[in-house]
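Based on the provided sequences and hints, a complete structural model is requested.
Protein chains in written order, with the working numbering: chain A, 1 to 136; chain B, 1 to 136; chain C, 1 to 136; chain D, 1 to 136; chain E, 1 to 136; chain F, 1 to 136.
Be aware that a few hints might be false.
Below, simulated DSSO-like cross-link-like pairs (lysine-lysine); rule was C-alpha separation at most 30 Å, straight line [what the hints assert, rightly or not]: (1) E:K60 x A:K60; (2) C:K60 x B:K60; (3) D:K60 x F:K60.
Calculated directly from the structure, the hints in this document are not laboratory data. Predicted, not measured: the structure shown is a model, and the values here were computed from it.
Chain by chain, the residues:
6 protein chains.
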Amino acid sequence: MFRLTVRDHIMIAHSFRGEVFGPAQRLHGATFVVDLELARRALDADGIVADIGLLSGLLKSVLAPLNYRNLDELEDFQGRNTTTEVLARAIAERVRARILEGALGEEARGAIAGVRVTLGESHVAWASYETGLEGG
Amino acid sequence: MFRLTVRDHIMIAHSFRGEVFGPAQRLHGATFVVDLELARRALDADGIVADIGLLSGLLKSVLAPLNYRNLDELEDFQGRNTTTEVLARAIAERVRARILEGALGEEARGAIAGVRVTLGESHVAWASYETGLEGG
Amino acid sequence: MFRLTVRDHIMIAHSFRGEVFGPAQRLHGATFVVDLELARRALDADGIVADIGLLSGLLKSVLAPLNYRNLDELEDFQGRNTTTEVLARAIAERVRARILEGALGEEARGAIAGVRVTLGESHVAWASYETGLEGG
Amino acid sequence: MFRLTVRDHIMIAHSFRGEVFGPAQRLHGATFVVDLELARRALDADGIVADIGLLSGLLKSVLAPLNYRNLDELEDFQGRNTTTEVLARAIAERVRARILEGALGEEARGAIAGVRVTLGESHVAWASYETGLEGG
Amino acid sequence: MFRLTVRDHIMIAHSFRGEVFGPAQRLHGATFVVDLELARRALDADGIVADIGLLSGLLKSVLAPLNYRNLDELEDFQGRNTTTEVLARAIAERVRARILEGALGEEARGAIAGVRVTLGESHVAWASYETGLEGG
Amino acid sequence: MFRLTVRDHIMIAHSFRGEVFGPAQRLHGATFVVDLELARRALDADGIVADIGLLSGLLKSVLAPLNYRNLDELEDFQGRNTTTEVLARAIAERVRARILEGALGEEARGAIAGVRVTLGESHVAWASYETGLEGG
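In structure tokens:
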């Protein structure tokens, strides 16, 4: 299996509901260093999983609606905690949808086997969500 | 699959038996940067794999009996080399046991699918051990 | 010159005033990885710049009033942008004041030559503030 | 499952064919930070996946024919793009072949379950190739 | 003193002349992770050393003529080894010249005290060049 | 000013005397990631601060008597705590002496302005010692 990863980041505000979160129930924020990993079994004709420039652009476009935002105010997350895990899944699902729409080309749509998104919230904690694609 | 990782470290002394270890047969030591990763298929009601504070505390309590110790003197490792791999397994098994005892709560006991512990011994070498849980 | 550094982090929300900040004028947030560095010309009788445990505790206590906060609501920063640079100085000045009050002991008060605080806001940007102490 | 990883690096020149590569069609170069990971289900009698010194030496010997080279001139890659993904596979396959030849010993030949090679091309992009071994 | 750093990277080919370079006399290449640090004694009216977006753009524009190039073919480096040190100075001098031309604004031109450029060539080696500005 | 840094590491055992050290009074150990930085005002005729291969070899030779050792047993450190700071100075002084003996060549002996050694003891703590050379 081949895997390709590109890195970007977002800076957001949010608050959590639930006693388990202690002081993180207050409005605070985070820098999330976002690693987007694609898996595929065989490389394309150019010898790549995907074009790094194209993939970085796709990631940036998926992150844009979240970046420099108070996530508490976004419709998509109403009534849900925007934990690192929840955000990793949301970003991975949006990337997955974009790939299935052809954002990385027709060939990649049928060949990408999986998507994994990892969000680093600090130097001592990170979370990821991994999902398959029809292509896999 | 969701994964959540927290990081801590220990500083220990030990020596190895076996010619393969060369100068590491002498009493020496290591800082192990310890990454504890939990896997679970679905998030809990709060939208998390586990509470990061709770998980960090669990890791610290598992590491405490090893930290600032000469592992050659510990009963648990008599007659065994405390290699990075052996320690990764020992720490993972203790975390696993603690989760099964309910250290992360009743819900997590049934939901955590796996535990992976990675020990970084330097900037150029690390080892990990991964095991499943009944919850998975 | 000797230097000793310890690392911690905070997670905060804030917004900026000024067109130069573009989308960062909106309420957003950041994880700041905080490195506190002390400089001194000669080590103490134990052979250290400062006790790492004591220094880490001092840093944590200085960071506590900022952690998990919306900095826009804090009195100390009213009317000022809490940029990475401004926060680095604020943290360094508080550490400096605590050292001068004796938080690291009487001997350290007279021996620490300088304090430098670096705040990493992402994997691609960080800022620091460095100041001298009477001890230097 | 146990995993052991060692790190080394190479510095190479190359160029790519294909419009997708844009400016990377020109002769340029890269430092690849190379992580070689072995997987095995049970440790050997010494309590290790493999000897770190032996494994580091194996990696260095596999990297030597590539290091400080213009990959465009190497016979092995004629007519192929030496992308990060292609190089990760080439290195992994060479390591795999060497293990099957007994480079890590007879016992390891039958016990290593898999090889994964990750090549970091920058702080924001990396790729890997993972393959099984008969031993697994 | 305040310092602000932004990170980018370039991927280049080159060769060295001189027996000291051994195999690096051959055409090879490197990824250089480039850290650009500015120093200034007092912050501007917005509370910053410089705008991170503006500074990142300045760095990218200075790196552009080097990126994805064989440095042996560039006029600017004819007859000179493009070592990590030489490149760090060349980049720092170009940034310095751009700041003096007003690339970061008129106020910054008079206030920036120094520029430091660090080039990481691998996980085990890096070099930097530091120079003052009239503003300092 | 130019600076060049190379990285290596050692794995040692030791114990400390003094109540301030708490549990670190017990025999324990550490991996120290060692960064050796040289400073010089002007590059040599080849365009370098020093040859990276030569410098890495010098560092390795200075580290060898410490590596895989119980520092409590070494004559050089009798009656002294081998803290991170003390070791940073010891390594820097040995490197300095070797440079003054000509280990990096006659030209470098007169040109190296300073030596700085940083020892990373974990992902959250490090210490350094910096000293000048006659060459500076």
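Hint check:
no., hint, in the structure
1, E:K60 x A:K60, "18 Å, holds"
2, C:K60 x B:K60, "18 Å, holds"
3, D:K60 x F:K60, "18 Å, holds"
When held up to the earlier numbered hints, the structure conflicts with none and fits them all.
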